[in-house]
Amino acid sequence: MAFLQRDPLELEPLVHDISAPTNGAVATFAGIVRDHHAGRGVVGLSYSAYEPMAEAICRQIVIEAEQQFDARVGLVHRLGEVAIGEAAVLVAAVAAHRGPAFDAVRWVIDAVKSRVPIWKRERYADGSEAWVDPTAVAGVVPAGIPG
Amino acid sequence: MTRFSVLLFARYAELLGSERVEIDLPASATAAELIDALRRMPGGALLPSHPFLAMNHSQVRSGQQLDPDAELALLPPMAGG
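Chains as they are written, first to last, in the working numbering: chain W, 1 to 147; chain U, 1001 to 1081.
Mixed in with the good hints, there may be bad ones.
Unchecked claim - Computed list of chain U residues with no C-beta within reach of chain W, every gap over 10 Å:
#1 E1014
#2 L1015
#3 I1023
#4 S1028
#5 H1057
#6 Q1065
What the hints assert, rightly or not - Okay, the calculated beta carbon distance ranges per label pair:
#7 E10/W to D1024/U: 41 to 51 Å
#8 R98/W to Q1065/U: 28 to 38 Å
#9 A1032/U to G39/W: 18 to 28 Å
Calculated directly from the structure, the hints in this document are not laboratory data. Keep in mind the model is a prediction, meaning the values are calculated, not measured. Beta carbons: idealized from backbone N, C-alpha and C, even for Gly.
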């Protein structure tokens, strides 16, 4: 299954794909597009990616998590325009017991945020746009060519 | 001189006005030399001095020599999730 998807994300098939009768726990995380960032009203945003590398890194993260936590992991990230309230990323982990399932989900979403080449461009209520940059002091960098 | 082709994404593509640039450098060029050349291009001055450069999907250290046949890509800070 592809880790990047342009259509709205669904949790159920993601969990279904990794479930097995030996599992006693399912933990999930959904990252949702919210209507504000750094004090500004967000009206919409779009995700872009270096797709072949992003797919490869997602696969690597899932393999690392499954080895580390004795869990099976599902992961999918949205690309393109995503509306407020929709999921941008879903992570699911199934395991025999709750501990590894919770731990795997937390570890995977942190790894996705720091390692997968995906970028987010936000549009604000005042008409301006910016690239989200977690390393910038303001958390964003104005979009467009500086004059 | 050898031609190096570099993929650009998101804000970096916007700064340099293209999603792919080509640069002629000595065949033995390092990542740092490529980044210096990119920063001298029109719009390149706003690139950070140590951006993430990927070669065949893996991060390259600044002193590492580049393979002109590899896929090179300059990546802004990751912002997924």
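> Can you give the numbers of the hints that this structure goes against, from lowest to highest?
Replying inline: Failing hints, ascending: 1, 2, 5, 8 and 9.
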